[in-house]
Amino acid sequence: MNRFALAAVGLATTFAQPVSADDVKVGLLLPFSGVYASLGNDIEAGFRLGLEEFGADSGATFEVISEDTEVKPPVALAKAKKLILQDQVDVMAGIVSSGVLGALRDVVHAAEVPLIVANAGNDDATGKACSPWITRLSFSNQQVNRPMGSWLHEQGVQKVFTLAPDYAAGHQMIDGFVQGFTDAGGEIVGQEYTPFRKTQDFGPYLAKAKASGADAVYVFYAGGEAISFVKQYDSFGLKADLPLYGAGFLTSPLYVNAEGPAAVGIVAALHYVPTIDSDVNRAFVSAFEEKTGRIPSEYAVHGYDTARAVAEAVKAGAMDRASLGNALRQVSFEGPRGQLSIDPATNNLIQPIYVYETVAADDGLTQKVLAQLPASADPANGCMLSAVVN
Amino acid sequence: MFRHTTFRYLVLAILGAGALFQAFSAGYFGLEVLIEILILAILVLALDMVAGFGGMVSLCHGALMGLGAYAYAMLSSIVGLPPLAALVGAMAIVGALAWIIGAICARSHGIYFIMATLAFGQMAYSYIFQTPIFGGDDGMGGITRPDLSAIGIDLNDSRSFALFCLAGLVLAYLAAVAVLRSGLGRSLCGIHHSEERMRALGLTVWRVKADIFGLSGLITGFAGALAAMHVMYISPGLLDWTVSGEALVVVILGGLGTLVGPLVGAVAFVILKHELSAVTPYWHLVVGVVLIVVVLSRANGIFGWLEARIGARRIFPTHAAVKKVPNDA
Amino acid sequence: MNADVGFWILQSLNALQLSMLLFLLSIGLTVIFGLMHFVNLAHGSLYAVGAYVAAAIATGWGYWAGFFLAPVAVAATGIVLYLGLIRKMRRSGPMAQVLVTFGLIFVLLDLTRILWGDLPLAIETPALLQGRINILGIDYPAYRLFVIVLGLAIFAALAFILGRTQVGAMIRAGVDNDAMAACLGINVERLFFTVFCIGCALAGLAGAVAAPLLSVAPDMGLQILIPTLIVIVIGGLGSLKGAIAGSLIYGIVQTFGAVIAPQMASVLIYALLAAVLVIRPMGLFPTKG
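Protein chains in written order, with my numbering: chain A, 1 to 390; chain B, 391 to 719; chain C, 720 to 1008.
Any given hint could turn out to be false.
As the list claims (entries may be wrong) - Simulated crosslink set (SDA-like; lysine to any residue; CA at most 25 Å straight-line):
no.	chain 1	residue 1	chain 2	residue 2
1	A	K25	B	G417
2	A	K82	B	A668
3	A	K128	B	V469
4	A	K210	C	V724
5	A	K81	B	A658
6	A	K82	B	Y672
7	A	K81	B	T534
8	C	K807	B	Y502
9	C	K960	B	H499
10	A	K210	C	D723
11	A	K82	B	L545
12	B	K663	A	S66
13	A	K210	C	A861
14	A	K25	B	A416
15	C	K960	B	Y502
16	A	K82	B	F411
17	A	K210	C	F975
18	B	K663	A	Q88
19	A	K82	B	Y418
20	A	K25	B	L666
21	A	K210	C	I979
22	A	K82	B	K663
23	A	K210	C	I971
24	A	K368	A	S150
25	A	K81	B	L662
26	A	K198	B	Y502
27	A	K239	C	L848
28	A	K210	C	I854
29	B	K663	C	D938
30	A	K198	C	I945
31	A	K81	B	R535
Please keep in mind that the hints were generated in silico from the structure rather than gathered at the bench.
Here the structure is a predicted model, which means the values were calculated and not measured.
Could you put together the complete structure from these sequences and hints?
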């Protein structure tokens, strides 16, 4: 039996040579069904656009193989193994949920295939569970929230009540904010975590927030929960006395129109909003709009920048897994989000954070950028990566 | 009561041969699919024991399997037991929990039984999801497979692991057959036919139900531990009630109360799922339609249909004839 | 910690609001079960269809058009399901019914995705019900009060119909013993059909009512299904009294659980359900022994 297995492995390795020397195979692992399907679609649209714009310039041709993870770790793992072992991809990208990322981490690390994380924000992925093969071009949960903590304190907010869904990302987002806020001298007067995707009525928590004596409420909610939360917050009339702040996923362009007027006035922090005032961003927004008919969300920009990073790495001469993995750690460019670079200590993206307010415009809701907070690297937090080989 | 017919042996032989052929010839993804089928097959065997032979339609078997995976992970990586001991421990834990659930739910029937098992499954899901030591929504990784290098097998190789799972499935099948043929299994079938009659005969009905549920839990725990070894990573999604629902779908798709049928169902379901999801993100729609058609067709799933068709010919003893024997006895 | 009365009144209203929303959903499911012994797991999906239809209509003709048309549309869906599937499934066991309706969940979920996409939709609160009303010394959102009043009104109407009218007597007779009711000259088939349609219409209404409170997303039917099943199993399948009692218990446990013991909030209700099933395997108010 073992002899047979070995023979098969040998056979597979012979096939491992790329068909043509200038062909780069990219495996996309994204959810196209399940709760995060809309995120997967936006990331893929951004990725395809990015490849169109930057791919030709890199001197290589690209073959993209998309696989649906269904947001289920076992499914994602099987698909990842298919991409790595059968399709022999040179680089993988995608991953929306941190659970899926957790499942893939060891496999990717052991197989030595570069993986670009295009959404999942788990701090540990570029912290204690970091890998030289995993580079993140999206965000980390604490990165988005930490600078918002000190900014909010600067605005004169002293006492804050926090709310988030009760799962890892919820805790990390809030912990990041709390750290920034308390370091700046603020006080947390109460914290609640609501059952994740099982909470229909936020009323009980809102009443607690109101009774807590806080100056403001800081929350993290995303997707359908964000819509319910924002609407219910508004219906209780809390916005006037108790301003609502949060991680910017709360009023993401993907959902904000469903929230309607209830979202107006909410101030939130995020690494990308479509109204960032730069030429690069304006070009991206109009190209994306032309292609898909919608305004790009932060998820679309993850896909776009991921494609750009792959193209940049190839342009720098990387062709196979090892050289791509190494080159991806050194990419640096000005994207729609501003100047981006990879932190060599953790492989996490270093990027500016934008504080924005959702405001009403003639044709719906838009984002008014209030401040651009400087880019800063996350603490290494137990991550010990070897230095980049040049 | 469960009985092998020539036809059943034939189907088992075909399935076994197919699995072996796939194990030795398939590419990497093919092996992943095979392992998925094998683990699902063990789960649905356990479910068919209670649902098909005892009429206990459980909507918590997915959760039990998830608990098996978590128990294996905790015992092997946190407590530090060797993987094979952790496997046995996980089976024992899930078996004991299943026995308790079976004992509590034994008084409920029909839809109440379904709902009661659902409640326990959801309780387990919420507990795992909310307890930090289990890693919450992000799950936990770093799970190891048993080390069988002493006998020259490297389980980290997908092919060896597939064969390991196949051996596990054979054992689980033999165990299920042995249980159903034992006095306990016969009592269960008697209860399924008429609970009052068996009670009048002096049988402690709830004990029989709980015992079978516990034994089914042992096998489910085994499937769960294998699932944890396979993915080497676990998350609360394993315990979701839709997993239990899908397991029931597989049992029905294959043929309820035939043991062989659910195996056929597992093969059909996984292949259908993979083929469809490659074509369309709306593959659930097709699965739903297939399920509705199968149930409406009144045939007892794919295998039941085949058995009624092919089994009716002279060369094989008919299913109906086989069924009559215990009734006359 | 939160000693003031207003806080607890507010939370009680929250509990009542959640209860009424669940009541609208569970009453249809439970009466269909009581009368037809039919378990419809796709009831939650009908609720989602109601919410989607309401959202689609509301964008064109405003909230109230959606509010009144969504139940009609869902009842129409129910008629199609009844004639195509459910009539044939009536005499099958609970397992076949659970599975067919489980399949329906898949089908309806993907159909809503194909028709309306993966992005969540939402409806604005109607102008009439925006803002807040001062009640018992606290400001409470008008729309939430509307949900409470609507739930209570429908409860009262159903209690009257079931308890005081001839149709109600026929339904009760059908629940008790459908064969006997048929012998007495009641057209049981037509009765079933009517009740099924009304049950579906109520699910659609619940969807339309929930839409301005929540987001309208493809998986909303799956999310609400488990709470609804808990409600009717705690209350006891088949009875109006059971549905209202179960809804109130669920709403109170969820709301005050979230206030007093947030860490326990989601386990609490399952533990309660298990306890009820152990002590009273048929729920608190079963229709028959």
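Verification of the supplied hints:
| no. | hint | verdict |
| --- | --- | --- |
| 1 | A:K25 x B:G417 | holds (19 Å) |
| 2 | A:K82 x B:A668 | holds (13 Å) |
| 3 | A:K128 x B:V469 | holds (21 Å) |
| 4 | A:K210 x C:V724 | holds (14 Å) |
| 5 | A:K81 x B:A658 | holds (22 Å) |
| 6 | A:K82 x B:Y672 | holds (21 Å) |
| 7 | A:K81 x B:T534 | holds (17 Å) |
| 8 | C:K807 x B:Y502 | holds (22 Å) |
| 9 | C:K960 x B:H499 | holds (22 Å) |
| 10 | A:K210 x C:D723 | holds (12 Å) |
| 11 | A:K82 x B:L545 | holds (18 Å) |
| 12 | B:K663 x A:S66 | holds (17 Å) |
| 13 | A:K210 x C:A861 | holds (18 Å) |
| 14 | A:K25 x B:A416 | holds (22 Å) |
| 15 | C:K960 x B:Y502 | holds (18 Å) |
| 16 | A:K82 x B:F411 | holds (19 Å) |
| 17 | A:K210 x C:F975 | holds (16 Å) |
| 18 | B:K663 x A:Q88 | holds (23 Å) |
| 19 | A:K82 x B:Y418 | holds (6 Å) |
| 20 | A:K25 x B:L666 | holds (24 Å) |
| 21 | A:K210 x C:I979 | holds (16 Å) |
| 22 | A:K82 x B:K663 | holds (16 Å) |
| 23 | A:K210 x C:I971 | holds (20 Å) |
| 24 | A:K368 x A:S150 | holds (20 Å) |
| 25 | A:K81 x B:L662 | holds (20 Å) |
| 26 | A:K198 x B:Y502 | holds (23 Å) |
| 27 | A:K239 x C:L848 | holds (18 Å) |
| 28 | A:K210 x C:I854 | holds (17 Å) |
| 29 | B:K663 x C:D938 | holds (20 Å) |
| 30 | A:K198 x C:I945 | holds (10 Å) |
| 31 | A:K81 x B:R535 | holds (17 Å) |
Going down the numbered hints, you'll see the structure goes against none, and every one checks out.
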